[in-house]
Amino acid sequence: MSLHTTRRILGFLVLALTLPLAAQNESDSAQPPTQPATLAPQVPSNGLKPIQAPATPERVKATFNMGGKDIQVTEKQFYDTYLLLKPHEERKDQSIQPQRIIEQILMFAEADALGLTPTAEELAEISPLRPGALFADSMRERFKSMGITETDYHEYLRQSRAIERLKAVTTNDIRVRSPQAYELWKGENHLFRISCVEFPASAIEKELLAKGASEEELRKFWAENGNTQNKYRRPTTVTADLLLFDPAQLNPEQVAALASGRKVTREESLAHFKKHKDRLMQQIPSEERPKLYPAPGQLPTLEKIVTPFELLVPVIERELILGDPLGAAFEEAKSAGAAADMKTLAAKNGLKHARIEKADNAALALQFPAGGHQLFADLFNAPPGQLAASIAWQEGKQYFWRSVDRAVSSLPSFEEVRTELVKDWAHETAVVDAQKRCTAFEEALRQSVAAELAPEEARLDLDAVEAATREVAALPPEQKQQADMVRQKHTIFSENKKRSLRAGLMARNFESAAGKAGLKVSEIQPFAFEMIHIDRSSLTDPEELRQTFLKSSFQIRGMEAGQISPILSDVVLGSHFLVKLIAREEPSFESMPATEFGQRMSGLERQEVYSALYRWSAQQLMQRHGWTEN
Amino acid sequence: MQRFILALVIASAVMPAQDPAAKLMIELETALPRQQNTQGAGQGMPNFNVDWDKAIAKLGDLATRAAGTRAEPWALFHLGNALYAGGHIEEAAGTFRDLSERYAAHPINTVALEKGGKSRLARALDDCVQELSFRAQHKVTDLAKADVDAVTTATLHFSAGDVTFGFYKNAAPEHVKNFLELAKSSFYDRTRVHHVAPGQWIKLGDPNSRDKYMDEWGKGGPAHSLDNEFSRATHKRGTVSMWRGSGRPKSHGSQFMVLLADQPHLDFVQTPFAEVIVGLDILEQVSRKTRNQYECPADDVWLNGITINVTK
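Going down the list, the protein sequences come from chains G and L. Taking my numbering, the leading residue of the first sequence gets 4, the next gets one more, and so forth. Taking my numbering, the leading residue of the second sequence gets 7, the next gets one more, and so forth.
Hints listed in this document are in silico derivations from the structure and should not be mistaken for laboratory results. Treat each hint with caution, since some may be false.
Quick look at which bits of chain G chain L covers, simulated, 3 or more residues with Cβ under 8 Å [what the hints assert, rightly or not]:
| no. | region |
| --- | --- |
| 1 | 111 to 124 |
| 2 | 163 to 175 |
| 3 | 259 to 265 |
| 4 | 305 to 314 |
| 5 | 619 to 632 |
Far from chain L by the CB rule (all over 10 Å, computed), these chain G residues [stated by the list, open to error]:
| no. | residue |
| --- | --- |
| 6 | L87 |
| 7 | I99 |
| 8 | R145 |
| 9 | E191 |
| 10 | R196 |
| 11 | A216 |
| 12 | D281 |
| 13 | G326 |
| 14 | R421 |
| 15 | K492 |
| 16 | L571 |
We put the beta carbon where it would ideally sit given N, CA and C, even for glycine.
One chain only, chain G, in its complex shape:
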């Protein structure tokens, strides 16, 4: 049986079971099964009154427009549509709402106008009541018992199918154009052209260094500046000896020499496996693993079952044989105690010796990654002279340690850091000073603009008062209490105009004010906003640092052309900026990456498909076709 036939049978089954049941609810409670359904004036549980037969059937109930033609819907047509839907959709406790009838009328009108209504031949192909169709007889019987005639059912089917076709045609009639994608993208990727005045700390820093700091200034700086103290704080360190052995470094002759005359017993192997089970389990070769997990139905005989241990025996034996030199050195170190000379022990057993000298946590992890942070913790917790409890295995290497010394974190004295501290003092002081200069320039610019605009602003205030007075005077007596609101409205208008004037003039005067103050205005070529966070800690070139800071500034991104930014401070560079946005320009289509284009085209397609799905609500249909109730 083909999939298509199976689907059709299932479809008929669903129809046979659901459609009659929906209407059966009605017939069970209200109507004798052989009588046609009538509309009892009862209120269902959803609180909506059932639709009643119209008293004036020929009266025009509503008008709508379809394809430029005005179409009238009479009370009778409306009610007939209700009767068509009722046996199939109305439930005992939920009557059909008028909106659903409007949906049906308008959707069918759209489908019919497009010529999507099934013909008699098409209906004959799809009707579950057609001769020879599965369950046709039983369905016919049930329809009859519910008072649904074949003609009514076929009309319902005809309309429903036409509506389904309309929806499918609409969902598939979607074309997204490249300009739409470009339009979306360019709005988010404007090119910014800016000019800026920079107040760098570096120049002031040089001056300060040349002048030097007094003892008092430096002491105060050291005592009050926590960040600088942390910079000079001595970290916790450890000093230790390590004896290491890396089996991978041995050549075949050395391995053969170690293996000669050495027999590994099964008990020894098993003990080693149990001790290092977690680590060893990860060393089962990839191609051997499936043997441990046979597929259902392919289970091996009892004799052929393998265990992880059996797969690992060669690995274990190699580890035990190659581990002998380090094991011997460890035993010697243990018996010699604190007096053991680790360097001699290493030479005697063909091992590598390493001395960790005053290493902090990060330095140790860098020097000896195999040990990691755990090794630092172990060494810090061990008193000087203590030997490791056992040989460690990390990333295929073996080692043990002996603690030599340890030191906890401490703050150096002022005298110890004095020389270095001068640089920090100069830098921090310069950054603060640069900000003060930037603020002063901004304030001077603001004040010059305020002075220049004072007569204009006074006139605006006066106009606002006069306009408010006129409007208040014209208010009818019963609305006199709104006088304060009117005055407030005019004040807000006036303030907005003043703000706009000030912003415009500040931008116009920006270059000349900078020139007067002896500041350099630099212009940056059009750039796109850098949305992704940039790690600037790795940058050293001041120009690159400056560019990345400005190109990723959200304040600049939010500005309109002709505006001046608030003070923008860059902690990494130690500079403060005042920026003027000269222009926001549209990027070219050719600069749009293929991924961005594809992403937006795909997004637009989906948006249009979803819009097509949701255009069938009564509200949208009524709006689209100007449904007007009489």
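Please build the complex by placing chain L on the supplied structure of chain G, with the hints as guidance.
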């Protein structure tokens, strides 16, 4: 004989007319590419994972067979739309023009449903003209279509059974290379399926799931991440997509998801780099197993090893 003829006469009166045009109209309903409720798509949602080349072939064949019938104009109209969506704008415009000339009086060409609007065909032609005009001025580069590589596949040996992946080597080369290298170095061996959503997706590829406690699962991986490699590959059922954590700019280095239903919201968010070619039903069953509080299968599902298969 007379009885037989009588039976035939009666049968022909009772049986519906075998109308080829009617059959074609009904066939057209099922041939539309954005069908609702296709396998993998959400309930009531249209299919976004259309293979437009296949849709064009199907509709082209239907349009040919429907020549001269009531189904032909609609078949041509949908063929034009499929050609447009598949990037063949010139051909789409040609199809729409042909339809407009041959069926000048058809409602598709004459009826504007909304006041002051245009017919469906007029709008389609307008779109083609605008798109062609734009393309004449600008070079439009479409993303690569993801093809399953015929040479290399990988068989993942799960405790639940074997599953085979085929790779989008042309669309996501770095992701494929990364996966194969990790697989060869046994990185994925003896890891667990660490997160599932029943019938939606399963997630795996975290080395933490090998031996660490469950609240660490999903947090591990290699030291590297990968740049996204977006293509026209969509997140349909069966897609293998490299996981990308919320707010992360790049793909995770090892954790990946196998989708058991369409997840169009992941398009251009995560990078699809492979698809399941054998054994998706096994993973579907895994996803529906009883889950624990960490939303992973209560009974462990292990990835025991991966075999790389190369066809020469």
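Against the structure, the hints:
1. A stretch counts as covered by a chain when three or more of its residues have a beta carbon under 8 Å from one of that chain; for the region 111 to 124 of chain G and chain L the count is 7, and the coverage holds.
2. Requiring three or more residues with a Cβ within less than 8 Å of a Cβ of chain L, the coverage given for the region 163 to 175 of chain G holds, as 6 such residues are present.
3. Coverage of a stretch by a chain is defined here by at least three residues with a beta carbon nearer than 8 Å to that chain's beta carbons; for the region 259 to 265 of chain G and chain L the count is 0, and the condition is violated.
4. Requiring three or more residues with a Cβ within less than 8 Å of a Cβ of chain L, the coverage given for the region 305 to 314 of chain G is violated, as only 0 such residues are present.
5. With a threshold of 8 Å between beta carbons, the proposed coverage of the region 619 to 632 of chain G by chain L holds, since 3 of its residues qualify and at least three are required.
6. The Cβ of G:L87 sits about 22 Å from the closest Cβ of chain L, beyond the 10 Å cut-off, so the non-interface label holds.
7. In this structure G:I99 is separated from chain L by more than 10 Å, as the shortest Cβ-Cβ distance comes to about 21 Å.
8. At the 10 Å boundary, the C-beta of G:R145 stays outside the reach of chain L, the nearest C-beta of that chain being 21 Å off.
9. With a minimum CB-CB distance of about 14 Å to chain L, G:E191 clears the 10 Å threshold, and the non-interface call stands.
10. The beta carbon of G:R196 sits about 23 Å from the closest Cβ of chain L, which is more than 10 Å, so the claim that it is off the interface holds.
11. Non-interface status of G:A216 relative to chain L is upheld: no Cβ of that chain comes within 10 Å, the nearest being about 44 Å off.
12. The beta carbon of G:D281 sits about 6 Å from the closest Cβ of chain L, which is not more than 10 Å, so the claim that it is off the interface is violated.
13. Taking the minimum C-beta to C-beta distance to chain L, about 23 Å, the non-interface status of G:G326 holds against the 10 Å cut.
14. Annotated as non-interface, G:R421 keeps its C-beta farther than 10 Å from every C-beta of chain L; the closest such distance is 41 Å.
15. Interface exclusion of G:K492 from chain L stands, the closest Cβ pair being 39 Å apart, more than 10 Å.
16. With 10 Å as the threshold on Cβ separation, the claim that G:L571 sits away from chain L holds: the shortest Cβ distance comes to roughly 24 Å.
Checked against the numbered hints listed earlier, the structure breaks hints 3, 4 and 12; every other hint is satisfied.
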